[in-house]
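2 protein chains.
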Amino acid sequence: MFHPPPHLPDVRGRGFAARSALSDAVHWLEPRTVALPAEEVAVAAAAGRVLAADVAAPIDLPPADRAARDGMAVAAEATLGAGGYNPILLMEGQAVPVSSGEPLPPGTDAVLPVEATQASPLGVEALDALPAGSGVERRGDQARAGAVLLPAGRVLRPQDVGLLAGLGMERVAVVRRPRVRILLAGGPRDGRDADAALLAALVRRDGGVAEVRGPFGRAELVDALRAPGADLLLVCGRTGLGADDEAPLALAEAGTLALHGLALRPGDSAGLGRVGDAPVVLLPGEPAACATVYDLLAGGAVRRLGGRPVELPYAVRRVPAARKLVSEIGFVEVYRVRLTDAGAEPVASAAVPGLAALARADGFVLIPAESEGVPEGGEVAVWMYDAPAEAL
Amino acid sequence: MFHPPPHLPDVRGRGFAARSALSDAVHWLEPRTVALPAEEVAVAAAAGRVLAADVAAPIDLPPADRAARDGMAVAAEATLGAGGYNPILLMEGQAVPVSSGEPLPPGTDAVLPVEATQASPLGVEALDALPAGSGVERRGDQARAGAVLLPAGRVLRPQDVGLLAGLGMERVAVVRRPRVRILLAGGPRDGRDADAALLAALVRRDGGVAEVRGPFGRAELVDALRAPGADLLLVCGRTGLGADDEAPLALAEAGTLALHGLALRPGDSAGLGRVGDAPVVLLPGEPAACATVYDLLAGGAVRRLGGRPVELPYAVRRVPAARKLVSEIGFVEVYRVRLTDAGAEPVASAAVPGLAALARADGFVLIPAESEGVPEGGEVAVWMYDAPAEAL
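Top to bottom, those sequences are chains A and B.
All the letters of the first sequence, read from the start, carry residue numbers 237 to 628 under this note's numbering.
All the letters of the second sequence, read from the start, carry residue numbers 237 to 628 under this note's numbering.
If you're looking for bench data, these hints aren't it; they were derived computationally from the structure.
Heads up, a few of these hints could be off.
One side of the interface only, derived from the structure: several residues of chain B facing chain A at Cβ under 8 Å [what the hints assert, rightly or not]:
(1) Arg250
(2) Gly251
(3) Asp306
(4) Leu316
(5) Gly317
(6) Glu351
(7) Ala432
(8) Arg440
(9) Leu477
(10) Pro523
(11) Leu548
(12) Gly590
With beta-carbon atoms standing in for the labels, derived distance ranges [as the list claims (entries may be wrong)]:
(13) B:Arg574 - A:Arg449: 38 to 48 Å
(14) A:Arg449 - B:Gly453: 25 to 35 Å
(15) A:Pro273 - B:Pro357: 55 to 65 Å
(16) A:Arg449 - B:Gly613: 56 to 66 Å
(17) A:Lys560 - B:Glu564: 47 to 57 Å
(18) A:Val277 - B:Pro341: 48 to 58 Å
(19) A:Gly329 - B:Ala605: 35 to 45 Å
(20) B:Pro245 - A:Arg407: 37 to 47 Å
(21) B:Ala463 - A:Val277: 28 to 38 Å
(22) A:Val270 - B:Ala463: 46 to 56 Å
(23) A:Gly251 - B:Thr576: 26 to 36 Å
(24) B:Pro357 - A:Thr576: 47 to 57 Å
(25) A:Pro294 - B:Pro245: 35 to 45 Å
Glycine included, each C-beta is placed from N, C-alpha and C at the ideal position.
The shape of chain A in the complex, shown without the other chains (with noise of 0.2 Å):
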């Protein structure tokens, strides 16, 4: 039978003796996660993916001078003096017409708007004066030979795939997505479906590969952990002071225990570690929990593994607190609230929120652990789950 090194004693029936700050398991994960090698993708297929290597101009962009309106390529020099009143004829070959993006004809350097044009029996008439280079966009104007166009960890965004497509590129090299293991602590009868579901959906959101096996019983779940092929392994459930929470027990049979209980709420049962060289997070089976230790541990390591920038991935609004909240010193306790008139109104208790309530709220409040709560009508910084939609 496995016994616990010492420094982590087995809770189940005991309690925490002392909970690690949320800061030091954040610290304790960075070295462990670190960007993971690229691999190649089409291009057509890279949007929202993060790019390994610079992409430099290949030659200069655009390649010559050339047209950036349709119109009459024309000498400037021959429209000298032309008006609507005062209409100069352009001779044969001194007007070419042009659409935007194509070469300059030799000889020309400026093109005429078609509406500063018009046909006359003698031929083509311009109405207006230009000076050389209008209408013009110069060889290089948009990115000279070997600048760089997109830098290294950047996620692609559409303009960007297209700007790839239009260099001539197939395939680009991007960051592999990292390969997240769920496993799921627990008998059948434990319902780690919301969970499975849950996690699953946050790590692709992260950029992550999510692959969910169990539930599992602990001996089943010490050989899940030893299988290879993951890069980070998340084990959900069975964290906390039962006698039948053997995750932490099963991830010490089978790696390492770092760490064994946090100093967050909800969220305090959970647990780091690792197995070989992967990472291991202990995540609570109480849904909510789940999604908080997601959120402010096992997240960063997803994204940071995938090459992505670590911050959360919500924007924030900095409202007033609608009534007091409350929180424990020592303790980070995440608040889920709605924004009404009032401002962040919390939809649960920090402590067993649920799913159900956190389909109420709009997003969550963080009180660090040095606070002992923010008054009503204090301000509060609120994670806003969704997406901004910004009206024009």
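Place chain B on chain A using the hints.
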């Protein structure tokens, strides 16, 4: 040979006699792009989809009083007077170990935290006095049977998908994704690769299913426009004033050309129409102009068809203009800008920015039609290309 209706003259070689307001184009599209019917998908794949109908709680949640923490379920009155210096021995059957989430055993109405109990030779002792209900989540605390948990129109969050899975649902009704057919106009030399990749990525970002066809000459384009199976058609390229700019003519031949020429820069050669019931947007081939017309016109249609919020999916930051932004009265002008210490700095002219310049932009500023522009130091709203990521 088809001739366009007199109110929409062939602009090739002539120029636009008049251009429509962007707002008129948006209003034309609105009634023609309403949310599509529902389809059922697996709950596990439903994150990010749009709920087609309210989901109500089938039963009280939780369905019965249950432990809100790991500990000893007790009758609260049995702990009366207990404290650290006054442990009270609990009789056999008066203290039942429970894990968080388990139903309360009969005769108990509170849960002593593990830390507030100790073992003694005679049995379990309480170290704290509890009121009834402490450590207990009551039946219906999260939601009453019949209460709406998630409203129709909700873009399902990871935790929502967890909630649905936790209710035992395997499938859920969501708004069908719009099928958006992207038709490239022009010959192989037109280089529509950038547009194709850009538009497909934008359509996917907005929840649509993108399908790219072409490039097509005029006759093929007419046939492609008439092919069934699309909820929205985007025709890209050949919208301008050159002799080969036949996309508007092809649309008029296949269906109806409702509008050609927008008071928008870049993007002034955009158009609108329909083939049967399917709305059609004509987008310029210059990629940055194409992106502009997508964002300000087509994107809202894709989102509306998919039941999503129609607003631009960009967060706004208000900053000073780092230099003067000029704009022609009557035109909506879009400046791509990067954020510097001095504020919003254009990366290129509004007229022909190009994707390489766009890559340097953090977002865009939109100068409304009634404005001549913004002076240096004047406040502008910047629509930010990247999703917000907020540090804790």
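Status of each hint after checking the structure:
At about 7 Å, the closest approach between the beta carbon of B:Arg250 and any beta carbon in chain A falls short of 8 Å, and the interface hint on this residue holds. Checking B:Gly251 against chain A: minimum C-beta separation of about 4 Å stays under 8 Å; hint holds. Annotation: B:Asp306 was flagged as interfacial toward chain A, and the flag holds, the nearest CB pair being 4 Å apart, inside 8 Å. Violation of the interface hint for B:Leu316 is found here, the shortest Cβ-Cβ separation to chain A being roughly 22 Å, above the 8 Å cut-off.
Below 8 Å, beta-carbon pairs count as interface contacts, and B:Gly317 has none with chain A, the closest being about 22 Å; its hint is therefore violated. With a cut of 8 Å, the hint placing B:Glu351 at the interface with chain A holds, because the nearest CB-to-CB distance is about 4 Å. Of the supplied interface hints, the one on B:Ala432 holds, with its beta-carbon coming within about 7 Å of a beta-carbon of chain A, less than 8 Å. The restraint placing B:Arg440 at the interface with chain A holds, with a minimum CB-CB distance near 7 Å, inside the 8 Å limit.
Because the closest C-beta pair between B:Leu477 and chain A is about 4 Å apart, less than 8 Å, the hint holds. The beta carbon of B:Pro523 is positioned within 8 Å of a beta carbon in chain A (closest approach about 5 Å), and the interface hint is therefore held. Interface restraint check for B:Leu548: the shortest CB-CB distance to chain A comes to about 5 Å, inside 8 Å, so the restraint holds. Hint status for B:Gly590: holds, given a least beta-carbon distance of 4 Å to chain A, under 8 Å.
Between B:Arg574 and A:Arg449, the C-beta spacing of about 45 Å keeps the proposed range 38 to 48 Å intact. In this structure, A:Arg449 and B:Gly453 break the distance hint of 25 to 35 Å, their C-beta atoms being roughly 53 Å apart. Look at A:Pro273 against B:Pro357: about 60 Å separates their beta carbons, and that is inside 55 to 65 Å. Range check, A:Arg449 to B:Gly613: Cβ separation about 58 Å, and the 56 to 66 Å hint holds.
Between A:Lys560 and B:Glu564 the beta carbons are some 54 Å apart, a value that agrees with the proposed interval 47 to 57 Å. Taken as a hint, the range 48 to 58 Å holds for the pair A:Val277 and B:Pro341, whose Cβ atoms sit roughly 55 Å apart. As the Cβ distance of A:Gly329 to B:Ala605 is approximately 40 Å, the hint placing it in 35 to 45 Å holds. Checked against the given bound of 37 to 47 Å, the beta carbons of B:Pro245 and A:Arg407, roughly 45 Å apart, stay inside it.
Separation of B:Ala463 from A:Val277 is about 30 Å and conforms to the stated range, judged on CB atoms against 28 to 38 Å. Checked against the given bound of 46 to 56 Å, the beta carbons of A:Val270 and B:Ala463, roughly 49 Å apart, stay inside it. At about 54 Å, the CB distance of A:Gly251 to B:Thr576 disagrees with the hint of 26 to 36 Å. Between B:Pro357 and A:Thr576 the Cβ separation comes to about 54 Å, which falls inside the hinted range of 47 to 57 Å.
Judged by the Cβ atoms, the range 35 to 45 Å given for A:Pro294 and B:Pro245 holds: they are separated by roughly 42 Å.
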